[in-house]
Amino acid sequence: MARATALTKGYANDPCAYYVDVAKYPHRPNAYAAAVIAADTGVLTTGSLRTPGSWTRALNHNEEADTEAHALTSRGSPSTHSSEPQRPDAEDEEYSITTYGDVLQWYRTSRRLYPPPHRDLQCSEAATLRQLQVQAIWTPVWAKHVCPEVYTTDICQHCKKAQATQRHLLWDCAPPPGNQEEAMPTAISSKIISREPGNQRDVVQHVLSNLERQRLKAAPPRV
Numbered sequence: 001m002a003r004a005t006a007l008t009k010g011y012a013n014d015p016c017a018y019y020v021d022v023a024k025y026p027h028r029p030n031a032y033a034a035a036v037i038a039a040d041t042g043v044l045t046t047g048s049l050r051t052p053g054s055w056t057r058a059l060n061h062n063e064e065a066d067t068e069a070h071a072l073t074s075r076g077s078p079s080t081h082s083s084e085p086q087r088p089d090a091e092d093e094e095y096s097i098t099t100y101g102d103v104l105q106w107y108r109t110s111r112r113l114y115p116p117p118h119r120d121l122q123c124s125e126a127a128t129l130r131q132l133q134v135q136a137i138w139t140p141v142w143a144k145h146v147c148p149e150v151y152t153t154d155i156c157q158h159c160k161k162a163q164a165t166q167r168h169l170l171w172d173c174a175p176p177p178g179n180q181e182e183a184m185p186t187a188i189s190s191k192i193i194s195r196e197p198g199n200q201r202d203v204v205q206h207v208l209s210n211l212e213r214q215r216l217k218a219a220p221p222r223v
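If you're matching positions, the sequence shown starts at 1 in full-length UniProt numbering and goes up one per residue.
Simulated from the structure, these hints should not be mistaken for lab results. It is possible that some hints are incorrect.
Stated by the list, open to error - The following label-pair restraints were derived from C-beta to C-beta distances: (1) Ala127 - Ile97: 39 to 49 Å; (2) Pro15 - Thr152: 51 to 61 Å; (3) Val146 - Asp202: 21 to 31 Å; (4) Arg213 - Ser189: 36 to 46 Å.
Glycine residues also receive a C-beta, built at the ideal position from the N, C-alpha and C atoms.
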């Protein structure tokens, strides 16, 4: 750990410093994908590498390089940088996932419906995005059941006409996006499946602004 700390401090902003990892392609003998990340988080990729590199644990971008290399060969979470499509699971013995960590990661990614919050989001923003993805944001209708002494009504504080459900807050009481489907507005639906931090933050801020106007005077602020 001391070595990793010293290397990180010494080369964190060095334009000649790179974080590299390699992963094997399935069904391709002697073919590997490499993820090369510059100190400023720029990503370069290449393949068909025959010479193994050295690995030092705990460097701040080594884990990111590892994720990128495994994503390129479909052995981990989808890449946050590359637009390369996911490939089918490999079946050859050389490619078999045998370690506990890889098996656990495979199960996690195979059932994932939405991308995780970007690491640039704050904890509160990440939590709101996850709540929005599963359609479980903190609405007055829900809050009345959890904190009835604070949220004494579940009526929308903006229009004063309907229950402040998630659909009402994001659809009925907001400017209509152009269609009348029962799903969430198209703009929101597209942004909650985006991996771009800007899109994720935009939709979170939109939801938080709608929720803020629903907060009663006696209600505690959202944190």
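Against the structure, the hints come out as follows:
| no. | hint | result |
| --- | --- | --- |
| 1 | Ala127 - Ile97: 39 to 49 Å | violated, 31 Å |
| 2 | Pro15 - Thr152: 51 to 61 Å | holds, 59 Å |
| 3 | Val146 - Asp202: 21 to 31 Å | holds, 28 Å |
| 4 | Arg213 - Ser189: 36 to 46 Å | violated, 22 Å |
Figure legend: structure checked against the earlier numbered hints; hints not met, in rising order: 1, 4.
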